[in-house]
Structure formats: structure tokens, C-alpha cells
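> Sequence:
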Amino acid sequence: MFAATKNFFFIKSRKRRRRNKFLKASLKKPKLLPKKHFSSLREPELDDTIHQFQGGEDYDDNEVAFSLKATSVSRSHGVQPLGNFYLSTSSHNSRNSGLGNLQPLTDELVLEILGLLDGIHLGVLSNVSKAFYVFCNHESLWRNLVLENCKGGFLYNGTWRSTYIHAIKPSFQLLDSGLKVRDFYSDYLFQSWLCANLEMKPEWLERDNIVRRKGISVEEFVEKFEEPNKPVLLEGCLDDWNALEKWDKNYLIKLCGDVQFSAGPVEMKLQDYYHYSDLCKEERPLYLFDPKFAEKVPQLGIDYDVPMYFKEDLFSVLGPDRPDYRWIIIGPAGSGSSFHIDPNSTSAWNAVIKGSKKWVLFPPDVVPPGVHPSPDGADVACPVSIIEWFMNFYSETRSWKKKPIECVCKAGEVIFVPNGWWHLVINLEDSIAITQNFVSRRNLLNVLGFLKKPNACEVVSGTRDRVNLHDNFKKAIEASFPGTLDELVLKAEEKKIQQKKLPFWESVADTNAGAFKFSF
Numbered sequence: 001m002f003a004a005t006k007n008f009f010f011i012k013s014r015k016r017r018r019r020n021k022f023l024k025a026s027l028k029k030p031k032l033l034p035k036k037h038f039s040s041l042r043e044p045e046l047d048d049t050i051h052q053f054q055g056g057e058d059y060d061d062n063e064v065a066f067s068l069k070a071t072s073v074s075r076s077h078g079v080q081p082l083g084n085f086y087l088s089t090s091s092h093n094s095r096n097s098g099l100g101n102l103q104p105l106t107d108e109l110v111l112e113i114l115g116l117l118d119g120i121h122l123g124v125l126s127n128v129s130k131a132f133y134v135f136c137n138h139e140s141l142w143r144n145l146v147l148e149n150c151k152g153g154f155l156y157n158g159t160w161r162s163t164y165i166h167a168i169k170p171s172f173q174l175l176d177s178g179l180k181v182r183d184f185y186s187d188y189l190f191q192s193w194l195c196a197n198l199e200m201k202p203e204w205l206e207r208d209n210i211v212r213r214k215g216i217s218v219e220e221f222v223e224k225f226e227e228p229n230k231p232v233l234l235e236g237c238l239d240d241w242n243a244l245e246k247w248d249k250n251y252l253i254k255l256c257g258d259v260q261f262s263a264g265p266v267e268m269k270l271q272d273y274y275h276y277s278d279l280c281k282e283e284r285p286l287y288l289f290d291p292k293f294a295e296k297v298p299q300l301g302i303d304y305d306v307p308m309y310f311k312e313d314l315f316s317v318l319g320p321d322r323p324d325y326r327w328i329i330i331g332p333a334g335s336g337s338s339f340h341i342d343p344n345s346t347s348a349w350n351a352v353i354k355g356s357k358k359w360v361l362f363p364p365d366v367v368p369p370g371v372h373p374s375p376d377g378a379d380v381a382c383p384v385s386i387i388e389w390f391m392n393f394y395s396e397t398r399s400w401k402k403k404p405i406e407c408v409c410k411a412g413e414v415i416f417v418p419n420g421w422w423h424l425v426i427n428l429e430d431s432i433a434i435t436q437n438f439v440s441r442r443n444l445l446n447v448l449g450f451l452k453k454p455n456a457c458e459v460v461s462g463t464r465d466r467v468n469l470h471d472n473f474k475k476a477i478e479a480s481f482p483g484t485l486d487e488l489v490l491k492a493e494e495k496k497i498q499q500k501k502l503p504f505w506e507s508v509a510d511t512n513a514g515a516f517k518f519s520f
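Per UniProt numbering, the very first residue in the sequence shown carries number 1; after that it's consecutive.
A portion of the hints provided could be inaccurate.
[Unchecked claim] Simulated DEER-style distance windows between Cβ atoms:
1) 105 / 311: 47 to 57 Å
2) 153 / 180: 30 to 40 Å
3) 173 / 367: 45 to 55 Å
4) 498 / 153: 53 to 63 Å
5) 128 / 209: 34 to 44 Å
6) 483 / 206: 14 to 24 Å
7) 494 / 374: 32 to 42 Å
8) 367 / 494: 29 to 39 Å
9) 118 / 227: 50 to 60 Å
10) 112 / 403: 51 to 61 Å
11) 112 / 455: 24 to 34 Å
12) 400 / 227: 38 to 48 Å
13) 215 / 275: 35 to 45 Å
14) 206 / 105: 55 to 65 Å
These are calculated hints, taken from the structure and not from any lab test.
Even glycine gets a Cβ: it sits at the ideal position worked out from N, Cα and C.
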């Protein structure tokens, strides 16, 4: 959110809380950004504001200004950041005067209240005042109406408002809702538009510190990455995939364009999803993320094979009763998943078939800035959109002792995501990927411990029988691999005892002598 003082805009992150795997929301202290960051915004009101700031500026010259996408379209109805109000010669804010008794409420709470209305009443209320016109035309309200009322699919019509009206009453003659309202100031509404139209900054993509490997053996992968629970980017292990050569938008539409896939809370025909992704201009694009793709279209399951490093998947002992474990992922640039930890304490691999993805990962003991998990792990609060996290929190990691692992994963590459690692992913272009979660012997005890949590009914996911998953899985492991659990428990206990017996100086390395260690 924005507020201005002299040459600077304050930015605060907006709040949203959700449950389970992909959770978005949070609260953050204000951060100062120079007005230069908004010099390319095309709103006339913003241009006027920028002119007021010509002259000396005090900011970091190394900062790169935010810039808008070339395809950005103004649908903000003239909404300006609140800071412009303090610099305006007028004392009038039509936001306050037009809301009546709702004026003291926050913008977020106003939208929550309006979210209780149906489409007809939103339309009626939008005629009451300029303020209600702006709020009632906010795209998130109409998006929610579409997703709640069109679960069997919809045809996107350029805006969510138009999509809803066309789906409910196709014969209705829709008028353009592009009225510009003067003197309307709202941080919350402005940032929603801004995040939908910002380009990724170059420095958000520059850092690439992940370990990369090509052609390593399974034994080396286990020893250097899976056992120590460290991420790695693997190259060259998709070279024999038919999917890498065949899969693109045209091929998939021809193969299964009429098949419905999961995209958020709705099912959409693939061709309709691609129609949406070609047109959408929003801060949180819908992500096609379907766990039953291979059952729906068997050819999709035939076109790829699990890389040799991830062949051991012990959840397979449950057969059809195993939790969801594989997904096809399709999305436009800007889509992705905000910070989360993969379900059920599993590890994962993610293979990019088309496009590219920016990854940011934090180890299990480091909670990312701006992310606030609940004590029981059932809820996570983090920024509303991925771009908002980059705007408000990414720079904080520069001063952290433990830096995040970052990379851009391109077509033909696979990233290994160890269990318990926080990670954020954003598509840098239209992308297609396959991801799978798995349990190997290295992670089996962790998974069983997670499934046995007292609040398993809340934190376990991917299956209807959350409470009994632990017992069913343990019994199946004991039947399929007799003695394995006892062996792993004994090995874990021996490792714990060995660590306690290590002399203090055993683990102290002379920083001037490379790998040399003191040992007495």
C-alpha cells in the first residue's frame, strides 16, 4: 500500500490468510521507496504527481525503478495512492465522502462486506456514489463471484465483471465500466492494480546460487543432496522425455482441449483455460494445477518418466489410496505459488517442460520475511501476491546471514525441493511443468512423524482419510518392506548418539586451512 511524504512512497503489504498448501497473506512494516519507482506509471493523475517531485531526490542510485509491462492496461478507475492526497491542493477524498457510514472501515474490510453481495446488488450499489462505483467494480469481487458460481467452467471475457455477467445473463448489454473518478485515494486498491502491471525487476532474477549438476549417479545424489536435505538443480535428465519435444499450447489443446482440469477452485476445459491465460491481466492469475491429469488423459502420463533420482516412492505401497502426488502445472507469466512447504513432509521434484520459473527457497529453520506460520502449521500468512513479496520483502534477504537459495529453472531442467524447505515459484513466461512429491527411505521417518501429529486432520492433505493415513501407511510399509522401519529407527538413534559423543573441537574447522579440522 502507498502513502507519500515529500519524495517517497510508503509501501505496506496487504493482508490475506488462507489454509493449506498455497497460502497467501500478511502484514509488514512500511518500507520507503523513492518516487522514481513510479515514473513510468501511465495514470494521468500519477503523471501529475510525478511532476510535483521534479528536483533533488535522495535515494539509492543502485535501485532500479519499477516499470510497467508493455501490455499493461489501466482499469483502476483513477484510483491514486493515499500519498497523493497529502500532496493535493484539494482537501476532498471522494473515497471517504462517498462511503457514508462505511467510511471509517479499512478498504479491505469494505471489500469483505461487499463480498457478501451477489452480482445484481453489487451493480445496484455501484450507482449510489463514486466511491461505491470504484469499490463495487473491483475485480476481486467479480472474480470470487465467477469462481463461486461457475465451478463447472467459464469463458473469460477480458474482465471478471464481464465474465460473470456474460455467464449469468448472456443477453445483457454490458456497458464499459471505465469511468475515471477524480480525487479517489486508496492504497489497497491502487496496489492491487500496480502488482498486476509491474515487470519483474532485473535484480530479482540475477541471483542464482543453487548447486547445479549434470550426469551424476543416484548414489552421489543421495549422498550430497537427499541425505543432507539440500536443493539441487539437475540438468540433462529429461532428454528422453517425449513431453519435452511435444508439449506446447497447440499440442495440448489438440490432445485434450475439451478435457476439464483443476484451476484453483474450478474445473475448466483446457482450451478455455488457455483463452483465459492469454487475456488475463491480474496480480494473482489462476494456476492450472491438476493431480488427476494422467488419469484424465493417459497419454500425458506416458509422455514423461520419473527421473532416476526419484524412483523410490514409498507412498506407492498404498496404491490408489495414496495421497495426491503428481500434478501438471500450466500458467501464464506472473502466475505461481507463494511461500509454502510441500504437503505431508514430502520431498519434491519439479521439471520445466516449457517456459521458465524463478525459485526462492529457505531452509526449514528459516522462515521467509513477510511469512507468518501459525504455531501448529495449519495456517500461513504471507503477501497477497508474489510480486508484492518481491516489492516489499525481497531486499531484506540481502542482509540476512542465511541467504535463500535462488535460481531460474528453464525448460529441460529439474529442481529437487527437500522436505521442509519453504519455497516460492513464479512463472517468468508462459510455462508447462510436471511436479511430483515422493517419500524415500531418507525421509520416511519424517513423513510418518508428520502424519501422526495431533492435528493431522488439519495439516495432512491430498487424501480424504487424513486421520488414518499414518496407520495405513505404516502397516503397508511393514508388509511390503519387513524390518525397514526398525532399521531406519536404529540408524537414526545411532546417528543421534554419535553426534552427542563428538568432541567439541571435532567440528571446528580452521578457516585459514580449508578442510583441515582439529582432532584431539
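> A separate judgement is required for each hint: does it hold in the structure or not?
Now for the hints, and whether the structure bears them out:
As the Cβ distance of residue 105 to residue 311 is approximately 55 Å, the hint placing it in 47 to 57 Å holds. At roughly 34 Å, the beta carbons of residue 153 and residue 180 sit within the given window of 30 to 40 Å. At roughly 51 Å, the beta carbons of residue 173 and residue 367 sit within the given window of 45 to 55 Å. Judged by the Cβ atoms, the range 53 to 63 Å given for residue 498 and residue 153 holds: they are separated by roughly 57 Å.
The supplied range of 34 to 44 Å is broken by residue 128 and residue 209, whose beta-carbon atoms lie about 54 Å from each other. Taking the beta carbon of each, residue 483 and residue 206 are about 50 Å apart, not inside 14 to 24 Å as hinted. The hinted window of 32 to 42 Å between residue 494 and residue 374 holds, with their beta carbons roughly 35 Å apart. Residue 367 and residue 494 have their C-beta atoms about 31 Å apart, which keeps the hinted 29 to 39 Å range intact.
For the hinted restraint 50 to 60 Å between residue 118 and residue 227, the CB-CB distance of approximately 55 Å keeps it satisfied. Between residue 112 and residue 403 the beta carbons are some 37 Å apart, a value that contradicts the proposed interval 51 to 61 Å. The hinted window of 24 to 34 Å between residue 112 and residue 455 holds, with their beta carbons roughly 27 Å apart. Hint check: residue 400 to residue 227, Cβ distance near 26 Å, so the stated range 38 to 48 Å is violated.
At about 41 Å, the CB distance of residue 215 to residue 275 agrees with the hint of 35 to 45 Å. Checked against the hint of 55 to 65 Å, the pair residue 206 and residue 105 fails, with Cβ atoms roughly 41 Å apart.
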